[in-house]
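Participant: Top line first, the protein sequences correspond to chains A and B. Just so we're aligned, residue 1 is where the first sequence starts under my numbering, counting upward by one. Just so we're aligned, residue 1 is where the second sequence starts under my numbering, counting upward by one.
Nothing false has been slipped in among the hints.
Only part of the chain A face toward chain B is listed, based on derived beta-carbon distances under 8 Å:
#1 8
#2 15
#3 45
Counterexamples of contact, computed for chain B against chain A with all Cβ distances above 10 Å:
#4 33
#5 84
#6 188
#7 202
#8 246
#9 290
#10 309
#11 312
#12 315
#13 400
#14 402
What the hints contain is simulated information worked out from the structure, not anything from laboratory work. C-beta: ideal position from N, C-alpha, C; glycine also.
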Amino acid sequence: MTKRNYTTVNPCVMCQPMGSALAFKGIENTMVLYHGSQGCSTYMRLHLAHHFREPVDIASSSLSEKGAVYGGRENLKKGLRNVINRYNPKVIGVATTCLAETIGDDVPAIIREFKEEEGIGDDLEKDIIIVPVSTPSYGESHVSGYIKALDAIVRTFAEKPGDEIAEKFPNEKLNVIPVESLSPADVRELKEIFEVMAGGYIFLPDISETFDAPLREDLPKIAQGGTPLSEIADMPNSQASLGLGIVSKNLAVNYLEESHDVPGYSVPIPIGLSNTDSFFTELVKILGCPIPVKYLQERGRLLDAMVDVHKYLYGVKAAIYGDPDFVFSLTTFMLELGMNPVLVATGSKSRDFEVKVRQIVEKINPEFEPVILNGIDFDTLNDAVSQCNPEILIGNSNGRYIAKARNIPLVRVGLPIHDRVGAQRILTVGYRGAMEFLDRITNAILEATDTFTAPVQAEPIAYAEKGNEECVEGMR
Amino acid sequence: MKEKIGIVDTLEERKPYIARKQEKGQEIPLACDNNSLAGAISQRACVYSGARVVLNPVTDAIHLVHGPIGCAGYTWDIRGAKSSGIETNRTSFSTDMKELDVVFGGEKKLSNAIDELVGLYHPPVVFVYSTCIVGIIGDDLESVCKTASQKHNIPVIPVKSEGFKGNKSDGYKAACDALKKLIKKPPEDPIAKKAPRSPETIKPKINILGDFNVAGDVWLIKPLFEQMGIEVIVSMTGDSTAKTISRAAEADLNLVQCSGSMTYLAKWMQTEYGIPYLNASFFGIEDISLALRKTADYFGSEKMKQQAEQILETEINRIMPEISRVRERVKGKKAAIYMGGPAKALTLIKGFAELGMEVVIIGTQTGKKEDYEQISYSVRDGTVIVDDANPLELAELLVKQKADLMVAGVKERFIAYKLGIAFCDFNHDRVVEFEGFDGFVNFVQEVDASISSPVWKAVRQRALIPEAVEPENKSGKIEKAAVAAESEKKSGRMEKAVVKEMIPEENHATECKGILLKPKFLHQKSEAAVESQV
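Using the sequences and the hints given, assemble the complete structure.
Facilitator: This is the structure in structure tokens:
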């Protein structure tokens, strides 16, 4: 292995502000503003637009040298004013970048000042809500940025200034909060499940439409869809919160439990059979209703599909990389299919990651001894791949260099996917997602090992000529 | 609709940046070359990005980003600049600064990182980019690089690209300053001392400045000059290496294509080494012809002039049939141009003219006063010229100016698509060459592919409004118009101006005759559906 101590080569994570945008963009009528230099917003817009193939507007306070020296107060205020002026949003998420954090701007104080100046009150219904979140790029990763932003959103809506003890109006709803950004297709699938099973549910954040918008007659300034604000405000009244993901801490779920007595449950992101099973089991436990026949049917179909492909996948060595919880759930599924996850890696730094992955390997197939890495870059992954020799790579499109160099297939999933279309429609959750993903993996392996399609031998000449004539005849 | 002052509805402070050309030759006042307005959502990036796009095509350099991970991550191999050999530039190197580095300074980590990378990759040069945070915590890049340079005996060059210290243009300048340090004083030329160089005695040498070899552009240009008996020492920075750049001062002439980024370097080479420069573009028949003729004229050799004419004749004859074929299909269509630099915008105007297309919007991220004057001189009356546009302005302009095609980059692509407008990517991530004769063929074919695609026909009729009862029913159109007016009133959102004549006479419903359709379904289902059914 190449020993590197000081350099990151080909990063496998994105920075914190990126995570905050993925969270904010799933809220109704919301704009995001990065407090920092102009480049941050443009680069992340580019990254997201490329992935989702949607216009992505993110504002910037466009800090200049003057702002950096004397503080970004005026720029931030001006930025907010202009965003309100042009986009008329209901919520503005203000995420800090490394620049704003390092010059030491007190963003919540500036926002308070701004609201005073502009006469913006704290009425959740009437006033524009500004949600600050501290996400310096030098701290953690996009995953933590996502979790922090969701926490900040929930807190802003739940904390009613003035009330000592917030009054509860039980709503029988279920809060659902993932710890990592799922694809729009995943969110759609999950919403459909809750639609059928839960009387009411609040899915935060809902990017199913904002990042995968239908072509409309007009182009709205802010993409339609997203979790309705009234629903977010209603989250402290819900009967329970379901966190999706068990490796990273779900701050929003914890907050709702600790401060608003909303019991929180966390299950792995429902990818694969057992994870989807625990997801439904937990739902049954919380909601007290049976699993709808439709999903039992889907489960049966998944089992059928797993049987169909079991020989193709048995013992196939796979390397999986991406965000911690996503990789954990995918690894579970790979194990269930009989695949050998020789290398399991995440770019985020996470101590729990290795523990959790070890546990699941122990549980499903203790014979396997995967290499488990966290906080890696792609160079480290490349070294590990050379060592572990996987037959297939599963992860975002940045692994294409490794896959190409080793001539093994790459099944693209996660973020970013910049070199293929349809990233917004990749479905991995639920039984249906498992089936789709199973097919993709199997077909990638079949494609790589397929020897049937190449012509082995030419037809006998006389026979071929006859065939050709008939063909021409037929065409006439 | 309420009366709007100005060309588009935008922020008061943005209004001076948008102008319409009214009268031929008349100078229009257009604000430009300023820092972007907070909250306006500029399409520009930062100083670092400007430096990065210019320098990154240097193929054998280590491009080390001293900063937090994001800056390196979002710029990893995003530019399709091709290399004919080594591809070190496609790897992303970062010091990945963390909180502790910010608190205690990142110099030590940087110096260790340089040592580590030099040990692993043995590069001929290391570029060290500074980012916002470095400018704030005050790491002394100069001294770290100087020490490393002496230690490893290779140039380790600091690129002063703190994101907030200016805009993208300042990044271009930072990149040029870095390139300057690589260019070596040429060896004494004994012949040149005796007599002035002449193309008859010595093969003339040129550099191409401001070509980044995106998709292999340079490889279509270099052979043209070689056929004219000219050696191209280096193209900066497309497919360049530390070695070829170091030889740049041996040139007799610099051809500057991307003027926004490279004029600064060309001027420096003129004062420092007495190398004159000419502006040139290798896009479109007119500009390529001009570039070859200008160069031949400069060297003043009759033979070279003849060779240039011969190349032009053969090549133009070769590609003209395809250009004419496409011209017949796209002429009269309206184009919108939004580019990073003004040089590309200007050359595109001519390119579209060759296709019989009219430019109705033209804008750049980094144009300067002189650039806009030239642009204003080159476009027709009524064309809207815009500096540092934002998505809302672009969207409104596209609709108001009735553009049929937009040429821009990824961020703009989806604005055009959502409005049902064809799009051609003339940015860094295109995969086909647009320069040179074959490149122009690629370009016109892409323009044709996007404009002529049948998807727009479907898109123009976005919603399914079954009117299958009587195919001849003409009243449907009136009804549609009424709905459009209604929804405009209600939503106040930006509407795509439905170009009536573009709606095919036969509506979708007549095509699916016989299928059982329930006309009322959509209306009952939701309010939103009614609004969007125009």
